[in-house]
Each structure stands twice: as C-alpha cells, then as structure tokens.
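Please arrange chain B with the ligands on chain A, whose structure you already have, making use of the hints.
So the protein sequences, as listed, match chains A and B.
Position 43 of the first sequence, counted from 1, bears residue number 43 in UniProt numbering, the numbering being contiguous throughout.
Position 323 of the second sequence, counted from 1, bears residue number 323 in UniProt numbering, the numbering being contiguous throughout.
Hints are supplied without guarantee of correctness; some may be wrong.
Said to hold, decoys possible - The list that follows gives simulated cross-link-like pairs (lysine-lysine, BS3-like), each with its CA atoms no further than 25 angstroms apart: (1) B:K176 <-> B:K192; (2) B:K470 <-> A:K209; (3) B:K76 <-> A:K130.
Everything labelled a hint here was simulated from the structure, so no lab data went into it.
These figures come from a predicted structure and were not determined experimentally.
Below, each chain spelled out in residue letters.
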Amino acid sequence: MLFQFQQILLQIFHKFNQERTISAPFHLLRGKRSGQTVQDVGIYQLHSYFGILPKLSRKKYDEELSIFVNEQFILIKEDGYYELTEKAFEHLKKSQELVFDGWHYRGNEHVFFARLSLVVQSLSHHLAGKMSFIPYQKDEQIQQWVRMFLKTNHYQDGQLQQKLLKEILNSLEHIAMEDRAKNILIYRLSGYNAAGFTWQQISFEENLKEMDLQLIYIASLHSWLNAIFLQVEEFPLLLQMVENIRVKNPLSGSAFQTAELFFNGHSMEQISRKRGLKMSTIEDHMVELAMNDPQFDVEQFVSNEDVQAVLAAVDDYNTRKLKVLHEVVPQLSYFQLRLVLARGERVEA
Amino acid sequence: MKLEDILNKYFGYSAFRPGQREVIEKVLDGKDVIALLPTGMGKSLCYQLPGYIFDKPVLIVSPLLSLMQDQVDQMKQFKEKRVVALNSFLNPMQKRASIQNLHDYRFIFISPEMLLQEQVQQKLNSMELSLIVVDEAHCISQWGFDFRPDYLRIGQVLGKPNRPPIMALSATATQKVLGDIEAYLNMDSPYKFIHSVDRPNIHLGKMLFQGREEKIEWILDHVTKTAGPGIIYTQSRLKTESLSQRLLQSGVTTAAYHGGMDPLDRQFIQQQFIDGSLDWIVATNAFGMGVHKQNVRQVIHESLPSNMANYMQEIGRAGRDGEDSLAILLYAEGDEELAKFVGIDDYPVDAHVDSYISYRSRNELPTSMIHNGEISETAFRVLDYWMNQLQPADVKQRLSSMKYEKMRAVEEVMDLIETNTCMREQLVHYFGQTLENRPEDCCQCCGLQYENIIRVREIIDAPSKELNWKRRIEQLLIGFS
Ligand SMILES: Nc1ncnc2c1ncn2[C@@H]1O[C@H](COP(=O)(O)OP(=O)(O)OP(=O)(O)O)[C@@H](O)[C@H]1O
Ligand SMILES: [Mg+2]
Ligand SMILES: [Zn+2]
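In isolation and in its complexed conformation, chain A is listed as follows (with noise of 0.2 angstroms):
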C-alpha cells in the first residue's frame, strides 16, 4: 500500500511522462514561478499539483523517492532522467487519487481558512459572553479584515452564527468528500473551551499519516472553495470570506505586461525591444499566455491544419518532447510547438 503523497507523486511523475529531471515534480509542488515550471504545467497537464507543498523540504522529497526506488517503482538514470517500473503503471491503474487545484489557490486557501477560523473563534466566544479572548491567529491581517467582517455582518444582532452555521453545513454537505476530510477541515476549527485539534491529534483519531492528513487537508480546502466559488448566491458569507483567495490572473507579473503589450497591437519583436528583453523571454510569456487565456487564440501564430498534426503526433508518439515532435512536424518552430502543446490540451479538456 503506497501513502497519499507517495500516490501523488507517482501520478506526476507518470504526466511528466518520463520527459523530465527527477527533480520536476519537487518544482511543481513548491510552485516554482520559473518558466520551465511554469509552462510544463501547461504541456503536461499539472495545474491541480503547482504549489501545493510550498514548504516541502528537499530532503524529504528525496527520502520519499528513494523509498520508491526501493520498492522498484521507479528506475533513476544517471542523467538524472527517470523511467516507470511495471509495477508502478500497474498501481496507477487501481489507485485513487485525491483532487487538488492548486493552480488557481497557491496556498491562499490558508488565508481563507485563517479568516474563517477567526470568524468561528470570534462568533463562538460571542455566544458565550465573552468579549475579548485570546486570537489563535496572530496575523494582524486577518486579525484586521475579520474586524472589519464581523462589522459589516453585524455580528451584534447575534444571528450570524446561525447563518455562517447554515453556509458551512450545506456547503460541504454536498461536495462529494469522504467524512473523514470534513471531520479533518472542522476539527481544525476553535472556539471557546474547545481549542482546535492537533494534527497529532486527527491523526491519532483517524489513523493516518500526518503528511496524508496535510494533504488531505490542502485538497478539500480546495474543493470547498470550489464548491463555493460554482454556487456564489447560496453562499454570501462564504463568499466575503474568499475574497482574493482565487488566483484571477495566473500570470507572473512580467508576462502580464508582456500580454498588455501584445493586446494592444504590438507585435512580439516590438514588445522585445520595447522591454528590452531577449526574444525568447517574449517566447516564454506568449506561452504562458496561450496556457492560461481561453481568448487568446493561437491561429494567429500556428494554422489549424499544423495544430492538427501536432496533436496527432503527441498521440502517435506518445510524448511532448520538443524535440521528437519537430522532427515529424519540421515546418513548425520550437516555438509554435510549445504554443500548440500549451493550448492543445486544454480544448480537450
């Protein structure tokens, strides 16, 4: 039986489809904003993965992996290329996977669920008649903005708590989550005389590795806010409460000005010497711009009939390599190949 994270890390490194270093995957985890990283997300599919670990130490990533060599899941290559056993395609075929949306979260979704335990602190020792109390969280921020909630909110009246209680159970009553990851989300949560329990302590009582426990944790705050953001209306307090939390704009700062540039007219050797940055930079951030914008539309770089028989050869060869794909498609560029693969998948989709 393979742990959750070891689960997780086998499916990547299954997507990265043999293509990679051993060390991608631990990029991707800590969402690494380097624009190799950047854009394997997109060829390769892992936007649920990028940033979920973003304290992951490297010695425990290379502890788990070299528990996978020891259980022959994975052959290490001296170039530091990895290939799958047997054995690990036969796992993946049975095993579960836990869905995490990384992407679009960060590790934002711990301000949500700062914000929110703040509000529950607040609201519990309100209904018990205490005034002040001791905040677990520290952050002045969320110290600030849940201030500022309660007022709005009029907790005074003293039926927010009903209301917030009502968001909370219909929201996560119908996200479809095994109990114990609710259990793992609430039991988090505290409240005058009820401190909140420690990972030691959901783990002793739900039998679970603390690092599956975090995981599971990191991905059903990522379904609930999911599950709030599909159902905006039901949910006004929720709502307030995951302000800022989703990433709008998945675009790191210098290929969103890139993007400005480009939409206002100006052609990417314009934008170059304007910048004053390499043509291959420019390269790089119209590809993480066909990842991430459904309107941008690539027909203007690449002709339908070549996005064609780039797909096709992806199929055929089974792979992404640049390198391969040019040889069957040698009238395209690098670079139009790495737009088709950014964009390709995601019509798919």
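The following block gives chain B with the ligands in isolation, referenced to the frame of chain A:
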C-alpha cells in the same frame, strides 16, 4: 490613590503577593531593583502597576518571542490598548509605524535583537522612559541556564546617564548570576528582593531504574493509575512523540510538545491543557515559560535536566495554585551521559571557531553557517558573541571551560539522585539560600508517600468520541452538541 486601590482598579486583585509592594515602592522612589520571585508569583505585576502611575512608557526587554506575544495578548485581553511588541514578527511597514509612535504607548515589549537596531535606538534616545524592565534577567549571565549574548549589550544601550530606574526580574538565579545581572546592567546599588526559591507545596520524589525501558514502563503504569494534570519532560522531539503515542494508546489524553511543531498546534495544546481537555503533556524544555496553568499536579522528569536551574524552572510549573503537587525525577543507569551529551550538543566547538574564521577570510557572513546547516542558531549566538570579544585561541579556551562547566552542572543534578539527605535542602543550597522549614512528605529522602500528595486517576467512561464534523461545528457556533 493608594497602591491597593490601583491594584484593585486595574487588575481586580485585593492584596499584593509577597515582594510586589516592596519592589513597586522602590521603583516609584527611582531606585534600581532586582527581584527574584519564584515562577508564577506575579513578577509581571511589578512593572505593570507602575505603568499606570508613571506618565511615560515602560520598556520591557523580553527574551522569547512567544513569551512576549503571550504578555501582550493577555494585556490586550484586559483592555490595555497602549501596548506594543517590537520583534521580528512585524513586517517592515508595521515596524516603522510602531517605532514612529513609540512614545504613545504605555508598555513597550522589545526583543534584545531589536533593541540593538539603529532606528530603534535613535527613537529611544529621542524620548523619555519611566522604567526599564529586564525580564528573565538570568539570560544575561553565561552561568544562567539560558545565556543570551544579546542581553549583555542591554547595559551598553540603555545605561545612559539620567536613565530611568532598571528593574531586573528572574525566578532562578544563583549568587554568581545575581552578581552578573548587577554588573552587566550597570545597576546603581540596587534594592534586592530575594524570595526563597523553595516551593513547599511541591514534594520532591525520585525513582531509580536499571534500564530505560523499565523507566518507560513505570511511567505508563504510574500515569494510568494516578491523577493529572501533569507534564513529563524528556530530551528529544522524537521521544515526546513516541511516549505520548504510547500514553494515548493506553487511553490517557496526552499530547507531545516541542519546538519544532506547527505554531498553531502549540497554541492548541497549551489551550487544551488549560481547559482541562488534555491531562498530560510530554514535552521538551520548550514547554514552560509563559504557560499559566494553575493546577498542574505532577511533573515527571523522564530524563535528567541539564542543570539545577532548569530542574527548578521545570518543576516550578507544578502547584501554582498553592496546592500540594508532586515532582518525580527518574533516573536509569547512564542517563547522566545522555544529559551531558544533550547539554553540550547545542554548544559551539573548536571546529566552529575555525569555520567562523574561514568565512570571515572569504568575506562571507558567518551567519551563513546557520543556513548551511553547520551550527544551530543558539550555538551560533554564543560563538558570534565571543568571536567579537576575544581572540580565536581565547574563544577556544573559553568554550572548552564552558563545556566543562556544563558537564559539571549535570553532575550537580546527579547529586540529587545520589544523595541520602534532604533533596529540598540541596536544591535551596544550590541557589545560595538556607532552608527554614521542611514540609510534611518533604522529599524521597526525608520520607514521601506519593499517595498522600496525588490522587488516584478516575477512569471516566468516555462516550465514544468518534469525530463528527457536523456536531463539532454546531457546538462551536450554536453551543450544543
Ligand atoms: N497580587 C496578585 N493577586 C492575585 N493574583 C496575582 C497577583 N499578582 C499576580 N497574579 C497572577 O499570578 C499569575 C502569574 O503571574 P506572572 O505571569 O506575573 O508570574 P511570573 O512571576 O512572571 O512567572 P514566570 O516566572 O513563569 O514568568 C498571573 O495569572 C497573575 O494574574
Ligand atoms: Mg514572567
Ligand atoms: Zn527533604
């Protein structure tokens, strides 16, 4: 207004505890003060009350971030708004704003690192203070159990002519440490209030074992049979986790506590312990300062503390309510070697001195030693301090004599294990005092029946407490379950 009235008005207490009035009167007179009051006796009040009499800010230097946060939280809870903590938790914007308005606060908590910063000093020089408090003042002495080199600079920074009185507070200081406090803070023939370190309601037990596993077996048996709340001190993070796991499996509500834990988890544990939903905590010495639980009935040392002051500080968590409590020191053969190892483990060695020099000669910051994993932060603080004071050869000399001292400190704790005479007497002696009275059931050597002190554990048939998220959120928000 009379002092009693102020005590009542701002704190809601009806009488002073021993030492408080004396200390407060002296600082109101403008005198320097050293106050040695046992843990939990109410040292904070000694500077909080004058804060309401003076019309200028009180500056409090405090060594631990968590401790500082604790104090500030508590004061805010009592509706004191004019309180601020200057420490590395603040982001640059918050920091700038706080410094700018520093003169408007009644209480300013500050970490020693922060005190050394240029902008802070400038601001402090431009304003007047009514009182300077050095909390946990034993940190200033290398003979104290928690030496903080930064503390040594407090005297240099704050000891200007025309300075306000200085108040040094501590629970545990030997004569030697007291001397260091007075000297390094440049105090002016301070008034000293030295309370007896003895805590007569804490009864001192000890148990000797052949092997480590036997010791663990005994703990499991003892804890399942006798009543808490209690704390078990042990050396390593790993041990806190394994021992707490075994207690949990025996049906005792227990949690591990150590410095490497999620900070939120640490708060949860403290609160659960105070609420009474947690009976036992298995902790490293990271658990202690700043934990205000009144009714801790037992403190068990699974491993030997690294010195007498640590031992005193740790058993001092028991019986803050004044009721009888039990402290049991456990020993298995060879434990002193472990304790010595732990004592010097986090201490710089000669190789660190050499490495420090080579960083310097490469024009790299020696602090990189921490980030490169060569040395711990605490050990680096000590190394860095001495490297700035002495020649490398003398630093090595100094380190080796300190190392020797640390090993000797463990031997002093061993004396408690080996002695046939009163343990309490030895303990009090160590702090340079004499014992006046011995309580009934004084200690293992004088005669001590554990069952006279602690009660039998009542096993409550806990209703199945399977987690249930709906019930839990209802309980939090509308109050029934
Ligand atoms: N005069 C008093 N009457 C009643 N309670 C008091 C009095 N003075 C202080 N206390 C209470 O005693 C408790 C301990 O006080 P405090 O935190 O100041 O102890 P301390 O001596 O600083 O201990 P430590 O060594 O652990 O820092 C607090 O809860 C405080 O409110
Ligand atoms: Mg104190
Ligand atoms: Zn005795």
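How the hints compare with the structure:
Simply put, B:K176 and B:K192 have alpha-carbon atoms about 14 angstroms apart, close enough for the 25 angstroms limit, and the pair holds. In summary, the hint linking B:K470 to A:K209 is supported, as the alpha carbons are separated by about 23 angstroms, within the 25 angstroms threshold. Note on B:K76 and A:K130: the hinted pairing holds, with a Cα-Cα distance of about 14 angstroms set against a maximum of 25 angstroms.
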